[in-house]
Every structure is written in C-alpha cells, then in structure tokens.
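Novice: Sequence:
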Amino acid sequence: MKRVLGTILLPALAIGLSACGGDGGAPASAGHSGRSASAGAAHNAQDVMFAQMMIPHHRQAVEMAELAATRAGSPEVRELAVQIAKAQGPEIRTMTGWLESWGEPEAGHAGHGMDGMMSGEQMTELEGLSGAAFDRAFLEMMIEHHEGAVTMARDEQARGGFPDAKAMAGAIVRTQRAEIAKMRKLLEEM
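So in the UniProt record's numbering the end of the sequence shown lands on 190, straight run, no missing numbers.
To be clear, the hints were calculated from the coordinates, so they are not data collected in a lab. Everything numeric in this text was worked out from a predicted model, so none of it was measured. Every residue, glycine too, gets a C-beta built ideally from N, C-alpha and C. Where hints are given, some of them may not hold.
Label pairs and their calculated CB-CB ranges [unchecked claim]:
#1 A69 - M190: 15 to 25 Å
#2 R159 - G89: 18 to 28 Å
#3 E100 - L187: 31 to 41 Å
#4 K185 - G131: 11 to 21 Å
#5 A107 - A132: 35 to 45 Å
#6 K182 - E127: 17 to 27 Å
#7 A132 - E63: 19 to 29 Å
#8 R184 - G131: 16 to 26 Å
#9 R177 - E76: 11 to 21 Å
#10 G103 - E127: 33 to 43 Å
#11 E188 - E63: 18 to 28 Å
The list that follows gives simulated cross-link-like pairs (lysine to aspartate or glutamate, DMTMM-like), each with its CA atoms no further than 25 Å apart [claimed, not checked]:
#12 K86 - E76
#13 K86 - E179
#14 K86 - E63
#15 K86 - D155
#16 K182 - E91
#17 K86 - E144
#18 K182 - E106
#19 K182 - E125
#20 K182 - D155
#21 K185 - E100
Please put together the full structure from these sequences, using the hints given.
Specialist: The following block contains the structure:
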C-alpha cells in the first residue's frame, strides 16, 4: 500500500511543486520570462526582505519616471525615464511572483528605512516642476534613488540565498550604476 501511494503521490507532488513559482522566478538575465532554473532553490530571509523592499522602491522609481513623460524638458531625460520604467516594471512583477511562491506578503517593509526613497514632500515637489527645473530635480533625486537600490542589491548579493534574486541584484547593480553615470553626465551638461 505504501509503495502504491508513493508511486501516485510523489509524481503528483512533483508536478504540483513544479507549477509553483511560474514565471515569477525567472532570472534577470532571461528577460523576466520563462521558467526559472532555480525555481526549487531555497530562499532565505534576506531574499524575502530584498523583494519586499525593492518592490516599493522600484514602484517609486517608475512613478518618478512616468512624471517625466509630460514634465521633462530634455529628450534625454524623457528617454532615460522610459528606460528606467521599462527595466523596473518587469522586475517588480518577477519579485512579486517570488513573494507569492514563497507565501510571503508583498508589503512587509513598504518603503520604511530604505536608502534613496523620496519623501511625500519630495514627490509633490517633483510633480509641481516642469522643463529644466524638473530635469535637474529628477536627475538629482533619481541618482539618490538608484544609489539606494544599488546598496540594497549589494546586500542581496552578499547575503541572499535564492540564485535568481542574486542574479537580479547583480543586474540592478550594473544597470543602475550605468544610469547613475549617465545622469551625472546630463547634470554636468545643464
């Protein structure tokens, strides 16, 4: 009887477990689609904290980037904002999928104590600007915002356990450091 149950339950369990994780576990290098190579890999508390903190952090960056569509004076700032939103939207979806597959709440840290997060007052100020004034404020705030994300990503690289989260953290460090350099150059040219 045990052997019969084992031959029925083990394959069913394997199929059920393989369905967990879905597309949300895709590595950053895979374009955020397809199955994860590490869907069954263990995660730790650092991985959970990374996703819980980076989701609201990225959401704020996307919100800032969306403001640039109608407020930026520089086409370079508008183009950079589009790149930021295009990169971070899929990462938000991927991290949300990880948290769901891990049975963890999304809003565990909700932006508290994160480096680079803009205050409500700063966001209101940014919303009220346009043209060159918006461009300067956007670039200065986004540099600070990206520096905070790089710090969080480096923490994940050092202490995380989930391979896909560590891979995404590496991609965040590379991408956002390059964007910081580009933003500093744009500020110098103003």
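Novice: Now, for every hint given, state plainly whether the structure supports it.
Specialist: The hints, checked one at a time:
1. A69 - M190: 15 to 25 Å: Between A69 and M190, where Cβ atoms are some 20 Å apart, the hint holds.
2. R159 - G89: 18 to 28 Å: Holds, at about 26 Å.
3. E100 - L187: 31 to 41 Å: 39 Å, holds
4. K185 - G131: 11 to 21 Å: 20 Å, holds
5. A107 - A132: 35 to 45 Å: Because 36 Å falls inside the window, the suggested range holds.
6. K182 - E127: 17 to 27 Å: With a Cβ separation near 23 Å, K182 and E127 satisfy 17 to 27 Å, so the hint holds.
7. A132 - E63: 19 to 29 Å: The hinted range 19 to 29 Å holds for A132 and E63, with Cβ atoms some 21 Å apart.
8. R184 - G131: 16 to 26 Å: 20 Å, holds
9. R177 - E76: 11 to 21 Å: 18 Å, holds
10. G103 - E127: 33 to 43 Å: Given about 36 Å between the Cβ atoms, the range holds.
11. E188 - E63: 18 to 28 Å: 26 Å, holds
12. K86 - E76: 15 Å, holds
13. K86 - E179: 13 Å, holds
14. K86 - E63: Distance of about 12 Å is within 25 Å: holds.
15. K86 - D155: With Cα atoms ~24 Å apart, K86 and D155 stay inside 25 Å; holds.
16. K182 - E91: 21 Å, holds
17. K86 - E144: 19 Å, holds
18. K182 - E106: 31 Å, violated
19. K182 - E125: 23 Å, holds
20. K182 - D155: 24 Å, holds
21. K185 - E100: 39 Å, violated
The structure is inconsistent with the numbered hints 18, 21, although it conforms to all the rest.
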